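*Asks:* Listed here are the chains, written in short residue letters.
There are 2 protein chains.
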Amino acid sequence: MSDPNAVPPVTLNRLSIYLRCLRRLRDQGVRQVSSQQLAHRYRLSAAQIRKDLTQFGEFGIRGVGYEVDQLCDRLASVLGVDHTRSIVVVGMGNLGSALARHVGFNSESFAVVGGFDNDPKKVGSTVGHLAISHISELPTVVRETNAEIGVLTVPAPAAQHNYDALTAAGIKAVLNFAPVRLKLDPRVQTKNVDLSINLEELGFFLGQG
Amino acid sequence: MSDPNAVPPVTLNRLSIYLRCLRRLRDQGVRQVSSQQLAHRYRLSAAQIRKDLTQFGEFGIRGVGYEVDQLCDRLASVLGVDHTRSIVVVGMGNLGSALARHVGFNSESFAVVGGFDNDPKKVGSTVGHLAISHISELPTVVRETNAEIGVLTVPAPAAQHNYDALTAAGIKAVLNFAPVRLKLDPRVQTKNVDLSINLEELGFFLGQG
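Sequence lines, in order, name chains A and B. Going left to right, the first sequence walks through residues 1 to 209 as my numbering numbers them. Going left to right, the second sequence walks through residues 1 to 209 as my numbering numbers them.
Hints listed in this document are in silico derivations from the structure and should not be mistaken for laboratory results. Don't take every hint at face value.
You can't tell identical chains apart in this list, so a pair holds if it fits in one copy or across any two.
Unchecked claim - The list that follows gives simulated cross-link-like pairs (lysine-lysine, DSSO-like), each with its CA atoms no further than 30 Å apart: (1) Lys172 x Lys122; (2) Lys51 x Lys183; (3) Lys121 x Lys51; (4) Lys51 x Lys122; (5) Lys191 x Lys122; (6) Lys183 x Lys122; (7) Lys51 x Lys191; (8) Lys183 x Lys172.
Please read all numbers here as calculations on a predicted model, not as lab measurements.
Make the full structure from the sequences, and use the hints.
*Replies:* This is the structure:
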């Protein structure tokens, strides 16, 4: 898989889910698991698991399945989460504060190391164990912590200049929650997260009743 | 489309995006748009737009394109958002408060009509224009407001009993942000939202550097 862009996001999402399930099994002391067991336990599809893993050269042993430990390492490596990546959150309002404390943002793979705002009332206060710094501190903190990912949770009108501040500080990837189309830096991997799209999906299933 | 489950979520997400773009065009006074114009303006794929809309019986007129107004109504109807759906948020911590104020949760299609918590310090206070009620008020508020969607933003250990409270109150669809596998009510459409999956996708693109 020399070109990361060749793996569709839906496959990546499934691999993330497998990794999480496998880590949970590993923590429970499980050493081997078949695709059927994995599928049954976490309500996934066994055929899909086999197909996805085969793509990355992982073939379970017939009658035994996969080595849990080995598959965890392999998936973590494929997903680029074989070491902890540092995150900074820009915009410590409700959403930023929620994400800074979110368990998935502070896991084996990720750690929030900085929270930034321009509101003097917030600067110096803490969210969980995280002290909020003024946005002017961003370049220093990014350099000192080797933070790679920026989470952008500022209001829409403030999104572009804070995005630019993140990229100028050397951040390599941005998760943007602001509902705005940013002018992107081509050197930075940027993903827009639309929180209301899930709501619209539910709306569809509710029908027109 | 008699069976809503027959439309894959990725298609629904694209239809939601088309609808949002079309509503924006309509608000700007644009009456007709071709798939090429739509694609160019919002960085979408013209071929994909045509393919998606054809599925729902919408064929643009050659050289003219689609009637914006008509297509808005049609997509809103397909997506089940041709009237405003009421939402209640259970768990008014940071994430619940952020979602209760989120523009996408308070749009033409959705309105947050109730916020609930069991913390006496929060009950009676407000988030934006929304007063926080005690969770015991849930059945009354759901009945009085005809709320259809419940957003679950409580800590993981509290998720199941609050989910059960939502379904018992007559809520028809639940958006669950708690990182836990709920025992689901089969009569209720439930969607789990995993906020960290986007982070893992970025991790992958960053590679193993």
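*Asks:* If any of the earlier hints don't hold here, list their numbers in rising order.
*Replies:* 3, 4
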